[in-house]
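Engineer: Sequence:
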Amino acid sequence: MRSAAPVRLAAPAWDIAVPVRPSRLAGVTMAGFSDRATSLVDVEVVPHPGVMVVFDLGDRALVVADGKGREQRGCVVAGLAPDRARGQGPAGSFSCLQVRLSPVVARAVLGAAPELSGVVLSLDDLWGADAVRIQERLRAARSWEERFTLVDVALARRHDEGRAVDPEVAFCWGQMMASRGRTRVDGLAAEVGWSRKRLWSRFRSQIGVAPKRAAQLIRFDAAAHRLAAGQAAAVAAVDSGYADQSHLHRDVLTFTGVTPATVASAPFLAVDDVAWPDRH
453 MRSAAPVRLA
463 APAWDIAVPV
473 RPSRLAGVTM
483 AGFSDRATSL
493 VDVEVVPHPG
503 VMVVFDLGDR
513 ALVVADGKGR
523 EQRGCVVAGL
533 APDRARGQGP
543 AGSFSCLQVR
553 LSPVVARAVL
563 GAAPELSGVV
573 LSLDDLWGAD
583 AVRIQERLRA
593 ARSWEERFTL
603 VDVALARRHD
613 EGRAVDPEVA
623 FCWGQMMASR
633 GRTRVDGLAA
643 EVGWSRKRLW
653 SRFRSQIGVA
663 PKRAAQLIRF
673 DAAAHRLAAG
683 QAAAVAAVDS
693 GYADQSHLHR
703 DVLTFTGVTP
713 ATVASAPFLA
723 VDDVAWPDRH
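Converting from the sequence shown to my numbering requires adding 452 to each position, the first position being numbered 1.
Keep in mind that the hints were calculated from the coordinates and are not lab data. This one's a predicted model, so the numbers in the text were calculated from it and none came from an experiment. Some hints here could point you the wrong way.
[Said to hold, decoys possible] Only pairs whose alpha carbons sit at most 20 Å apart, straight line, appear in this in silico EDC-like list of lysine to aspartate or glutamate:
id, residue 1, residue 2
1, 664, 618
2, 664, 535
3, 649, 613
4, 520, 567
5, 520, 577
6, 649, 638
7, 520, 535
8, 664, 620
9, 649, 618
10, 664, 567
[To be verified] The following label-pair restraints were derived from C-beta to C-beta distances:
id, residue 1, residue 2, range
11, 512, 713, 31 to 37 Å
12, 729, 494, 23 to 29 Å
13, 682, 662, 29 to 35 Å
14, 698, 577, 36 to 42 Å
15, 634, 682, 20 to 26 Å
16, 574, 494, 30 to 36 Å
17, 709, 649, 44 to 50 Å
18, 693, 591, 41 to 47 Å
19, 512, 644, 47 to 53 Å
Note that CB positions come from ideal geometry on N, CA and C, so glycine has one too.
Work out the full structure, taking the sequences as your base and the hints as a guide.
Structural biologist: Rendered as structure tokens:
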């Protein structure tokens, strides 16, 4: 296990652990979090181009809520661009293992792509008794590396048993990620030999969002990390492919409901370079 130095934010001080080896599945990254703070943990999720699975390992329940007041505990799944999702946990006992899945992988591992988009669900609803079993094994594990291995094996097994996305859809997602959301979607349809209507339909049903929305989310993610790194909003907008600063401002409001300045100081982004160094 490669254990990172604590990351000290405005409220909590996180201890972060990451696996020594990458996942056997491309598009899967993991990190373990422990909180040594004396106050309530309260972190708003900044949307990113991935599906998030959280395994709660703390003494008392971690609660993940969406913007509609619905709450989930234990093993939680947040789909692409969840609506105002936030995690809360009691002081001094917060611990979780977080997995980020490319939606291309999430299709086989979790299934139900359209139902996952924008919402927060219990993993029990998707995996049934398997979710309970892996939660018990993770709590019994003696190290982060053992936990990472347990999750990786479970994901790989379900991936092999699941239904993969079309190669054309996977290609289009990969091109969007490589270009940081700047690739023209109509050009992708022509490149894979599909009509625009067919790409829209297959992409939406297998990834969970329409291609244009996916590109918007990927571009927002790139800009959000530039803001968190200290870039001025005008510079981050240009470098991320936005027409101007007001265009970036609109996307930030769409995905988070707050201003670029607020996103720049978000604790959820402050840990990314440590927990997800290979996110792109």
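Engineer: State for each hint whether it applies.
Structural biologist: Each hint tested on the structure:
| no. | hint | in the structure |
| --- | --- | --- |
| 1 | 664 x 618 | 18 Å, holds |
| 2 | 664 x 535 | 18 Å, holds |
| 3 | 649 x 613 | 29 Å, violated |
| 4 | 520 x 567 | 16 Å, holds |
| 5 | 520 x 577 | 19 Å, holds |
| 6 | 649 x 638 | 10 Å, holds |
| 7 | 520 x 535 | 8 Å, holds |
| 8 | 664 x 620 | 16 Å, holds |
| 9 | 649 x 618 | 15 Å, holds |
| 10 | 664 x 567 | 18 Å, holds |
| 11 | 512 x 713: 31 to 37 Å | 33 Å, holds |
| 12 | 729 x 494: 23 to 29 Å | 25 Å, holds |
| 13 | 682 x 662: 29 to 35 Å | 32 Å, holds |
| 14 | 698 x 577: 36 to 42 Å | 40 Å, holds |
| 15 | 634 x 682: 20 to 26 Å | 22 Å, holds |
| 16 | 574 x 494: 30 to 36 Å | 21 Å, violated |
| 17 | 709 x 649: 44 to 50 Å | 32 Å, violated |
| 18 | 693 x 591: 41 to 47 Å | 43 Å, holds |
| 19 | 512 x 644: 47 to 53 Å | 48 Å, holds |
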